[in-house]
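S.K.: Each chain, written out:
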Amino acid sequence: MTYRSSAVASLAALADPTRREIFERVAAKPRAVGELARGLPVSRPAVSQHLKVLKEACLVREVAEGTRRIYHIDPRGIGAMREWLDRHWRGALAAFQAFADAEHDKEQNG
Amino acid sequence: MSIAPVKCSVEVKAPAARAFDLFAKNMGAWWPRGKTPGGRPHADLVVEPRPEGRWFERDAEGRETPWGKVIAWEPPRRLVLGWQLDHQFRYDARLLMEVEILFQSLDGGGTRVSLEHRNLEQLGTEAEGFAVKVRSGWPERLQNFADAAARN
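Chains A and B supply the protein sequences, listed in that same order. Numbered according to this note's numbering, the first sequence terminates at residue 454, and the numbering increases by one at each position without gaps. Numbered according to this note's numbering, the second sequence terminates at residue 191, and the numbering increases by one at each position without gaps.
These are calculated hints, taken from the structure and not from any lab test. Be aware that one or more of the hints could be misleading.
Residues from chain B that face chain A, not an exhaustive set, calculated with beta carbons under 10 Å [what the hints assert, rightly or not]:
#1 Val-45
#2 Lys-46
#3 Cys-47
#4 Val-51
#5 Ala-53
#6 Ala-58
#7 Leu-61
#8 Phe-62
#9 Ala-68
#10 Ser-144
#11 Leu-145
#12 Gly-147
#13 Gly-149
#14 Val-152
#15 Leu-154
Note that CB positions come from ideal geometry on N, CA and C, so glycine has one too.
Work the whole structure out from these sequences, hints included.
M.R.: Below, the structure written as structure tokens:
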């Protein structure tokens, strides 16, 4: 998967508010599905389904601990999202730098 | 928790106060025409100089299109803007991503301009389209800024 397509998949996976809530819970602390479902207004199978989508988007990964599967944040998906934003702002600041320096030079020479 | 913010920085020759002004008060000078939420080319991009100030574009006929708001206005050191545009670059008051820009004086008179973009989780809203738009839009936009600056 390219950075580009995985960034898009990651962002799309977070479009759903319940899924985002689950993602934020995983991010706060690695947990099993039962613990993630506690306090959420959706069924445990629904949480499992959201976790599947998050997994496919490389936002979470599961780690086996005995018979339990613990969900952790997957740095790959987050990396892809940050990648495109990073490029966007690098470009923005480079443009600002060019503008600001040209203005500064004009003022110095004027 | 949130996703770690995006951070980047550049150094400019101007002192901090001037760099702050160029960034915040001259946005319309470098932002390319036709690459904004408004239906017509912008005549100006306004960042009102106060917390809760508006951030909007204005076209040649005086029509205004909102972009977001000012969260912190602390010249010459710090500016925080709230970005409230959705994936189609339409205003959506429910969105509020923070973009913090810091201006740090350097030995020799210049300024380091550091930017941090946070609350990335909010990008989830109709994220696919947003990602595509932003990705294709920004590099070109910044190149336009650089070109405009070079012509001046």
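S.K.: Next step is simple, just say for each hint if it's right about the structure.
M.R.: Now for the hints, and whether the structure bears them out:
1. Val-45: With a minimum Cβ separation of about 4 Å from chain A (threshold 10 Å), the hint on B:Val-45 holds.
2. Lys-46: holds, 8 Å
3. Cys-47: holds, 5 Å
4. Val-51: Hint on B:Val-51: holds, closest Cβ of chain A at ~4 Å, below 10 Å.
5. Ala-53: holds, 4 Å
6. Ala-58: holds, 6 Å
7. Leu-61: Hint holds; B:Leu-61 Cβ to chain A Cβ min 5 Å, cut 10 Å.
8. Phe-62: Result: holds, 6 Å to nearest chain A Cβ.
9. Ala-68: holds, 7 Å
10. Ser-144: B:Ser-144 check fails; min Cβ-Cβ to chain A is 14 Å, beyond 10 Å.
11. Leu-145: violated, 13 Å
12. Gly-147: It is violated, given that the least Cβ distance between B:Gly-147 and chain A is near 13 Å, above 10 Å.
13. Gly-149: holds, 9 Å
14. Val-152: Holds, because the Cβ-Cβ distance from B:Val-152 to chain A comes to roughly 6 Å (cut-off 10 Å).
15. Leu-154: holds, 6 Å
The structure shown violates the earlier hints numbered 10, 11, 12.
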